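K.L.:
All chains should be modelled from the sequences, with the hints used to inform the complete structure.
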Amino acid sequence: MADKTTIIVHSGDMDKVYSALIIANGSLAMGMEASIFFTFWGLQRLKKGALEKGPLSKMNMFGLGKLMVKLKMKKVGVASLERLLQDFKELGGKILACDMTMEIMGIKKEDLREDLISDYCAVGTYVSEARASTITLFI
Amino acid sequence: MAEIKVDCTGETCPIPLVETRKALRKAKSGDIVEVIGTHPSSKKEIPMAVKALGLELLDIQEKDGVWRIRIRR
Chain A
1 MADKTTIIVH SGDMDKVYSA LIIANGSLAM GMEASIFFTF WGLQRLKKGA
51 LEKGPLSKMN MFGLGKLMVK LKMKKVGVAS LERLLQDFKE LGGKILACDM
101 TMEIMGIKKE DLREDLISDY CAVGTYVSEA RASTITLFI
Chain B
140 MAEIKVDCTG ETCPIPLVET RKALRKAKSG DIVEVIGTHP SSKKEIPMAV
190 KALGLELLDI QEKDGVWRIR IRR
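Order-wise, the sequence lines are chains A and B.
Note that the numbering used here has the first sequence beginning at 1, numbered continuously upward.
Note that the numbering used here has the second sequence beginning at 140, numbered continuously upward.
Watch out, some of these pointers could steer you wrong.
As the list claims (entries may be wrong) - As a list, the in silico DSS-like pairs of lysine-lysine whose alpha-carbon atoms are at most 30 Å apart:
1. A:K48 with A:K89
2. A:K109 with A:K16
3. A:K70 with A:K89
4. B:K183 with A:K75
5. B:K165 with A:K94
6. A:K89 with B:K167
7. A:K94 with B:K161
8. B:K183 with A:K4
9. B:K183 with A:K72
10. B:K167 with A:K74
11. B:K144 with A:K89
12. A:K75 with A:K16
13. A:K108 with A:K89
14. A:K94 with B:K182
15. B:K202 with A:K4
16. B:K202 with B:K182
17. A:K89 with B:K202
18. A:K108 with A:K47
Derived from the structure by calculation, the hints contain no laboratory data.
Source: prediction; values computed, not measured.
P.N.:
Okay, here's the thing in structure tokens:
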């Protein structure tokens, strides 16, 4: 087993994408490898300009709850999702995009942040990454 | 041997850990990385990362809520 973390990001909710990126960055920082597989609503966040657009998973209240949480996060000094994604790439993390989601939702490569994506793939790639990982999560 | 300073004061999870790792990756063998921060858990967790990476923890100090960790690459 490799010292590796593999995370599926199925949700596009802002707070859940935060959880995924924080765990993934923490893994890299502690000397592990890390891959994040973006699928379904999660993949929506990799569209150009969409990273910070996810709602809050609870108490979103048509965006009001999210606004309040964002203000609080800024006050506490939480990094932006963009910064976490850039750090993840800089530390050698791999971002995988689910090509079936792309077909279902009519998403083209050029709609996505192609600069960040290491590969476009399906379940076989996830399984081959996950079976060699000590930590696997579905978010 | 260079000495690299990383200031993470006011930053919260996971930035102090991530910035430490970024600095250690850029450092050459023998260089010293000094991280300064205020996030309480990072004071415990940066040493965990140093151990996991097989590097040498030189010193941990704290004064008025600001901690200072020195690591040798």
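K.L.:
Which of the listed hints are not met by the structure?
P.N.:
10, 15 and 17
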